[in-house]
Amino acid sequence: MKNGRDSRDTYKYVRSDSSALDKVIDVHDVFVKRSKLRVFFSYIGRLILLANLLLLIIEKDKSSIGSFWRLFLGVVSTKLLQYKPIKKESVVIMPSFGVQLETHYWSGRIDRKFIPMGNILKPVLNECVTPVTCYWSLVLVLRDEDQLTLVFQKLRPPIKILVPVWEALCKSTNLEDHSDSLK
Numbered sequence: 001m002k003n004g005r006d007s008r009d010t011y012k013y014v015r016s017d018s019s020a021l022d023k024v025i026d027v028h029d030v031f032v033k034r035s036k037l038r039v040f041f042s043y044i045g046r047l048i049l050l051a052n053l054l055l056l057i058i059e060k061d062k063s064s065i066g067s068f069w070r071l072f073l074g075v076v077s078t079k080l081l082q083y084k085p086i087k088k089e090s091v092v093i094m095p096s097f098g099v100q101l102e103t104h105y106w107s108g109r110i111d112r113k114f115i116p117m118g119n120i121l122k123p124v125l126n127e128c129v130t131p132v133t134c135y136w137s138l139v140l141v142l143r144d145e146d147q148l149t150l151v152f153q154k155l156r157p158p159i160k161i162l163v164p165v166w167e168a169l170c171k172s173t174n175l176e177d178h179s180d181s182l183k
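Heads up: the sequence shown begins at 1 in UniProt numbering, then just goes up one per residue.
Derived from the structure by calculation, the hints contain no laboratory data. What you are looking at is a predicted structure, and each value in this text was computed from that prediction instead of being measured. A portion of the hints provided could be inaccurate.
For lysine to any residue, the following SDA-like pairs were computed, each having C-alpha atoms within a straight-line distance of at most 25 Å [what the hints assert, rightly or not]:
| # | residue 1 | residue 2 |
| --- | --- | --- |
| 1 | K88 | I159 |
| 2 | K160 | I120 |
| 3 | K113 | T133 |
| 4 | K160 | D146 |
| 5 | K87 | D144 |
| 6 | K113 | L55 |
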């Protein structure tokens, strides 16, 4: 059953409750919209690298510093034009057990991380400021851990998507008085 939906330019948010189990499982999915132009540029970057490698093999007698710079620039351009193969990231909240963080890739691979509910001290909305950009992230403060755990490992969804997930995490960890900390 779909409860909430929010579409942005890059991300789509879908919240699903399992109504058959008395809403025991709460699933929050953030989908990445696949850009055909980005995939095209990814293939162009790979072709540039392949052409540079073939040119280096053909000119093996005349190898010089310039050919190695060409190879280096080919690797850099391929890395910059690389397509990020993430399909969606999910947060599965099971209040009596814990939280499962999932990353789904277009290749079919799924990375999962389970965090028991007893280890979660508090979910926190964190504003990350760098010299170039500013964005929001959702993190979990865990018991006996020095570092914060990112809920969305690879994606940087906007704050409008993060707030419902944060509220559900606060509710499941019995932190009902979270309204004043959002202001």
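Okay, the hints, checked on the actual structure:
no. : hint         : in the structure
1   : K88 to I159  : holds (17 Å)
2   : K160 to I120 : holds (23 Å)
3   : K113 to T133 : violated (28 Å)
4   : K160 to D146 : violated (28 Å)
5   : K87 to D144  : violated (32 Å)
6   : K113 to L55  : violated (44 Å)
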